[in-house]
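Once you've looked at the hints, dock chains B and C against the given chain A.
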Amino acid sequence: MMKIPLSLHADRLFPADKTTRDIARRLYQEIRHLPIISPHGHTDPRWFADNLAFENPVSLLLQPDHYVLRMLYSLGLSMEQLGLGQAADRELDPEVIWQTFGDHYHGFRGTPSRLWLDHVFADVFGIDVVLNSDTAADYYQHMQGKLQSAAFLPRNLFERFNIEVLATTESPLDDLRHHQRIVNSGWTGKVITAFRPDPVLDPEYEGFHGNLVTLAALTGEDTQSFSGYLAALRQRRDYFKRHGATSTDHGHPSARTADLSDRDKAALFDNILSGGFSPADAELFRAQMLTEMAGMSLEDGLVMQIHPGVYRNHNPQLLQRFGRDKGADIPLPTEYVRALKPLLDKYGNDPALTLILFTLDETSYSRELAPLAGHYPALKLGPPWWFHDSPEGMRRYREQTTETAGFYNTVGFNDDTRAFLSIPARHDVARRADSAFLARLVAEHRLLENEAVELAHDLAYGLAKKAYKL
Amino acid sequence: MMKIPLSLHADRLFPADKTTRDIARRLYQEIRHLPIISPHGHTDPRWFADNLAFENPVSLLLQPDHYVLRMLYSLGLSMEQLGLGQAADRELDPEVIWQTFGDHYHGFRGTPSRLWLDHVFADVFGIDVVLNSDTAADYYQHMQGKLQSAAFLPRNLFERFNIEVLATTESPLDDLRHHQRIVNSGWTGKVITAFRPDPVLDPEYEGFHGNLVTLAALTGEDTQSFSGYLAALRQRRDYFKRHGATSTDHGHPSARTADLSDRDKAALFDNILSGGFSPADAELFRAQMLTEMAGMSLEDGLVMQIHPGVYRNHNPQLLQRFGRDKGADIPLPTEYVRALKPLLDKYGNDPALTLILFTLDETSYSRELAPLAGHYPALKLGPPWWFHDSPEGMRRYREQTTETAGFYNTVGFNDDTRAFLSIPARHDVARRADSAFLARLVAEHRLLENEAVELAHDLAYGLAKKAYKL
Amino acid sequence: MMKIPLSLHADRLFPADKTTRDIARRLYQEIRHLPIISPHGHTDPRWFADNLAFENPVSLLLQPDHYVLRMLYSLGLSMEQLGLGQAADRELDPEVIWQTFGDHYHGFRGTPSRLWLDHVFADVFGIDVVLNSDTAADYYQHMQGKLQSAAFLPRNLFERFNIEVLATTESPLDDLRHHQRIVNSGWTGKVITAFRPDPVLDPEYEGFHGNLVTLAALTGEDTQSFSGYLAALRQRRDYFKRHGATSTDHGHPSARTADLSDRDKAALFDNILSGGFSPADAELFRAQMLTEMAGMSLEDGLVMQIHPGVYRNHNPQLLQRFGRDKGADIPLPTEYVRALKPLLDKYGNDPALTLILFTLDETSYSRELAPLAGHYPALKLGPPWWFHDSPEGMRRYREQTTETAGFYNTVGFNDDTRAFLSIPARHDVARRADSAFLARLVAEHRLLENEAVELAHDLAYGLAKKAYKL
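Protein chains in written order, with this note's numbering: chain A, 1 to 470; chain B, 1 to 470; chain C, 1 to 470.
Among the hints, erroneous ones may be present.
Straight-line distance between alpha carbons at most 27 Å, and here's what the computed DSS-like set of lysine-lysine pairs gives [stated by the list, open to error]: (1) K3/C <-> K18/A; (2) K18/B <-> K18/A; (3) K241/B <-> K190/B; (4) K241/C <-> K18/B; (5) K241/A <-> K18/A; (6) K3/C <-> K146/C; (7) K190/C <-> K241/C; (8) K146/A <-> K241/A; (9) K469/C <-> K241/C.
FYI, nobody ran anything at the bench for these hints, they're computed from the structure.
Quantities reported herein were computed from a predicted structural model and do not represent experimental measurements.
Extracted from the complex, chain A is given alone in its bound form (with noise of 0.2 Å):
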């Protein structure tokens, strides 16, 4: 064990065969400069609001990250080991739980987490040796030095990272007093928000008749009609729109859309509002209201995401002691030939509408999204989310969607994370798998050189910028 050296590869992530690295190299120095186009993300607007120290690495790095918690919960540890669920006067002190994640750090030997890891420690904190049990305690220190200084303040580190624009995820209910902090402050970070309505679309989320009283608090709308509750909806989005919001989000359990007659939708919401729903009823109460959504988009220019197809919190002890997002979501098979056929019949044919498609079932990418992206004007694939944003996941997205939908039916690359400081770290993987990919095409003679440089530009700055209309 020891000190062995850390130093991030200049040649990382490209292919071995010396012709392919070459021209891999080449596209990538082309782009590796390029600013950060962030479009879609979970950051916390609050920390660029108050631009105060981060805590510690252990909050900063760990606790929220439920690609690191997963893991070390997989290999037996307890989540009260990490710091998770504990009374206050029974806390870890965070040296101990770091230390606990040196012990286990070869567990993510493999993953995108240990690539985004090393890539925040040798290339955020400078630090030049692999995190394991015995580097573990100077590690934490060296950290929690760094963030203590001025350049490790949300905004310098902003800057430093070269982000254009960063998009958080709010609620329709949030008051986007932080946005508007920001703003108000003078800084010149683009940090926008981007309207995330499950909480008051989705009759089985946690509190959802309440949120529809006070989404009619906000908006002086009767949500208690259809037509008030649409009317709400379209001024929320109006108000998003007007804090830099270019885009929607939906993450619901199917990609199942709906087209009902005015009739049959009033006639749906008042059994939502009677609380007396099936699960079926709240099935297509969501499907309608991702119509209703895309219809709203024409009018507003809002871009529009769609990630289904996740069960969440699989794990019933784990939600219960410890709360959502700690690892325990998990893909499902997701079908979108069917499911999204009402909507694609309404709205499909229209290119004003942009509607992006994620996916974590890699069957549908050349069986289902690759055939409707190339296709259909209004839809876009997004790049490969959660799982699959990984060099693995990210080739097999490129192999199986590229022969059917080609490179501008996609969207540039999101980094979907809210751990902040491994922001370049994705980017930079999806910059080095993109260019890899392209060099294959290249060395195969199946694009021109100058080509493969056009769609590394695009890739990695033009589509995102375009497609979320930054």
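For chains B and C alone, kept in the frame of chain A given last:
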């Protein structure tokens, strides 16, 4: 932009690694000039009967190609801009349409359409610059000139392409007059038909009832009784066989088969004729008819092909305005293990039957199709189909089927195209892709090079000829 | 044809790229001579108890191997030509059968059977020419001679193969006499059993009711009451454990589990005993029994394996004439996320349970299995199974599971075979495939070489030993 050189690199589609590439080159040299066996496709026999010049590049290369239409449409172009669906007085000049195509040709980067089209441009038309906005006008003039020359008449191209046999696909209601004219003309090009009975087997096919009336008129059989209906089908199969057909083809929504009792078959047929059938009845009838067709194949020796698993005409607005086959067909998850069981229970053990399976659901390659074909004597795997007729699609096909089904339960390549000029390009892609795959096995010492040479020859020529009895 | 040299290339299965191959070679050198841990397989313990010479090459290498039978059958050979299902007076001479095998050995090109068999021929038998029509007769004579020699007695081969431990699989109704004879003999080869209770857990298993009667006789428990039935199972688990078992194995059609109330369990058991149960009842009973087995595993420490998702005996004609395991088992789509939830809700958070999951549905690797194993402490992923126990299958497994589950939620290699002579070949393929995968990660700077050495050792030896408590 301007003039970027277009050339077909001698090593295109071969892996960059030098060892592997050298092997791939050697394998490809052995097979590149083999005659083309095209046992399944959709060219128009009238071309070879009439032997008239093709009209223009747009009506030849763009408008009939659903791969091209779907991509341009997905990028926001209207069908009208591509010259479809316009009243005669508003029709666009083909040169204008071609310019639009040139303006958006970069959208095809990374797709097989780009590979096929570049091959057609460079190899068939002798063009040496890449198609783009600046070169589109010259392209049109050059190609239009060529198309008027004797060398570009259909029969001359057929011979230049070194096609040994080309199968077209016809409805049982077709009188095969063009095939007869070809034979009568004394031209020696071998253009045969294939029996595609969907219009008279699928109760949901447009005009089904009228089709049975026509079938009765053609055969003198009573197609209102199940036995007369079967007799009529037998008669048409025989007619097709006498016009060169060696195969049938079935494009059902699923792979479902059935094996009902005689009484149930007759009752189902009556139900279908009554018009009061449900979608499930229609599905069951198609299922039963696949088993009937397999039985007839054992009688007359016609090879049977099943192409299941497509949601046809997913976009109703497009269908209504512009008709079928405009790029709005989307693959569906497709199940084979239970679906094929009734047919296999009855005929699957008979090596005298050849049943060739295709899929658009790549998940079935390793899970269902290779295990089925690697067991049942009657089953063989068709080549990667449609969206998967591409370099990556072919690689996945070989990687996912070979270890369980081997090579000798596959049937070589099908171009499956109506784009006549791209036939050499498509076979060339397949030959290169197979050479590349075999080269990897040789380079990794999983196959001897002399074995790979034999296999390359079989995959390019021998297996198709044998499986389709050509 | 004639005599083509057969040699096992030192670099077989390594990537051709020189950089990567050099790394793979170094990794493989570190592990190639490690002892074999075979924690799951189907060899016959009688071989090692009797230690008699194997009869002949056909009955040893061909007839019991369903991989070989299925391929030859698919290519049109009858089972009778392979010596199966014939009355004694019509039995073919094994030499004739071997000649038939030689005549069709080219059909195995590109399959793992070819890799394993060539390894057996070259390395175990010392043969230096490829099997084909011209060499088959010499092959037979040479092998038959070897099999009569002392060096080829089962125990001597076991030792020559450097097997540290070999697990067989037995029914709870087995008295384990052969295992006892091995122990009594004083031979030090470690041949242990594994507890495979399908015959007494699956109401649809042939002879289920009689099996319960036998179970009662063996244990003195009343297997007509649910509590007595459970007590009998506990007793047999204990008996197996005392004969070396460290694991159980469950071959259910699906991965479904259940967690019924005590009252519902008893009612279901009564229904099953009554014989009037539906397929859904049988499925529910199997589901409940998996959960019961997991509970018992927490009591007695036996590691639990689930091998779901096969349509057994898909070909009824073959089953009727030639029996089970002749190559007519076909994988099915297999769902894990909802299926395993009842069991996981109850026991999934307990690191004291080890539940090893296998699949024949590769789509579940990245979508379901890696996310589940990368979260639940009780879950581990078994190696690629059956059709996927192959170079491409192993590559896909690592590529699709590692980024989410890491390496330490996997359990090393299982050969899962009854083909005793191929055990070294199978482990060698796995060691080479893992070396190749790790080498790519090192070459792409995603892993340090010293980490890869440690991992190679764990994947070849350490993880199996630890996971199976050997």
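Just to be careful, I want the Cα atoms of K241/A and K18/A compared with a cutoff of 27 Å; is the pair within it? Roughly 48 Å between the alpha carbons, so the hint for K241/A and K18/A is violated.
Is it true that the CA of K241/C sits at most 27 Å from the CA of K18/B? violated (54 Å)
Hey, K469/C versus K241/C, does the alpha-carbon distance stay inside 27 Å? Satisfied, since the Cα-Cα distance of roughly 12 Å is no more than 27 Å.
Restraint check for K3/C with K146/C, where alpha carbons must lie at most 27 Å apart: holds (21 Å)
Holds or violated: K190/C and K241/C, Cα atoms, limit 27 Å. Cα-Cα ~14 Å, so holds.
Pair hint K146/A and K241/A, alpha-carbon separation not exceeding 27 Å: violated (36 Å)
Tell me if the straight-line CA distance from K241/B to K190/B falls inside 27 Å. Holds, because 14 Å separates the two Cα atoms, which is no more than 27 Å.
Would you mind confirming whether the straight-line C-alpha gap from K18/B to K18/A stays at or under 27 Å? holds (10 Å)
Starting from K3/C, check that the Cα of K18/A is at most 27 Å away, please. Judged against 27 Å, a Cα distance of about 38 Å means the pair is violated.
The structure is inconsistent with the numbered hints 1, 4, 5 and 8, although it conforms to all the rest.
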